[in-house]
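Protein sequence lines correspond, in order, to chains A and B. For the first sequence, position 60 (counting from the first letter as 1) is numbered 60 according to my numbering, and the numbering increases by one without interruption. For the second sequence, position 91 (counting from the first letter as 1) is numbered 91 according to my numbering, and the numbering increases by one without interruption.
By construction, these hints were calculated from the structure, which means they are not laboratory data. Any given hint might turn out to be false.
[Said to hold, decoys possible] Computed footprint of chain A on chain B; a stretch qualifies when at least three of its residues, placed anywhere within it, have a C-beta under 8 Å from a C-beta of chain A:
id, segment
1, 9-15
2, 19-27
3, 75-88
[Unchecked claim] If you want the footprint, here are the derived chain A segments under chain B, 3+ residues with CB under 8 Å:
id, segment
4, 5-17
5, 53-59
Just so you know, even glycine gets a beta-carbon here, dropped at the ideal spot from N, CA and C.
Protein chains: 2
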Amino acid sequence: MTTATLPATTRAARWFHALSDETRLEIVRLLSHGERCVCELQKTIGAAQSRLSFHLRALKVAGLVTDRREGRWVYYAVNREALRQIAAFAGAVKPGKHAGSCRMACCP
Amino acid sequence: MTTATLPATTRAARWFHALSDETRLEIVRLLSHGERCVCELQKTIGAAQSRLSFHLRALKVAGLVTDRREGRWVYYAVNREALRQIAAFAGAVKPGKHAGSCRMACCP
DNA sequence: TTGACGCATCAATATTCATTGATATATTGC
DNA sequence: GCAATATATCAATGAATATTGATGCGTCAA
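With the hints as constraints, model all of the structure from the sequences given.
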């Protein structure tokens, strides 16, 4: 259920996939203000319960959120560390030294 | 063909989707060193040509790469600004003021 | 002008993903 | 225990995506 042991590229691809859906992005945005139970996300987003559950699971499997049961409620929260790593990944892609034509490397 | 006028969430979802595939991540990683022609990406990645073309198009439609023809070659390059915005987006998701139980907001 | 090369596109297929409605499980208050 | 609530899961369906092989189109060099 965890993605911690996967190769970096695979893990990154799964993170990005988890964020590639508008509903899930909305969930993450809401959770960025603090943890929330499913019922509130449901009211706020206006999505069917099973649909929300589906997307929460996707985020959880990808390691972007954590969940915690308290009585009848389950609270979800963002995994700050994962988000940090995602930002770092995107930030690390910089155009490099060879910017400009690259005949040499390309077609010798 | 451009995504510039879309709502922020929609645009972000498309960016993340473009990065949600291992082949495309590998392409972006290679392009981060400078622009490359398709034939070199092909050699390096070892993917069928039509497959590579498919993924390059996905990246281009999402606005993450640009292309430029020079003679028989087409050179692709990362769009630094888009990557910067993606990193900013991920970095902006911070756990917030209400971290901890949030009964109040949740189930009044 | 012909042939080779670099690349894009198309058609067909298989796979993955999202949505909906129904059902199951756990927890609480009565 | 019973009913109500919160959430997860399942089954079915449709939509989107990825892969492969074939074909087309522009460009260059002989």
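Evaluation of the provided hints:
no. : hint  : verdict
1   : 9-15  : holds (count 5)
2   : 19-27 : holds (count 6)
3   : 75-88 : holds (count 9)
4   : 5-17  : holds (count 7)
5   : 53-59 : violated (count 0)
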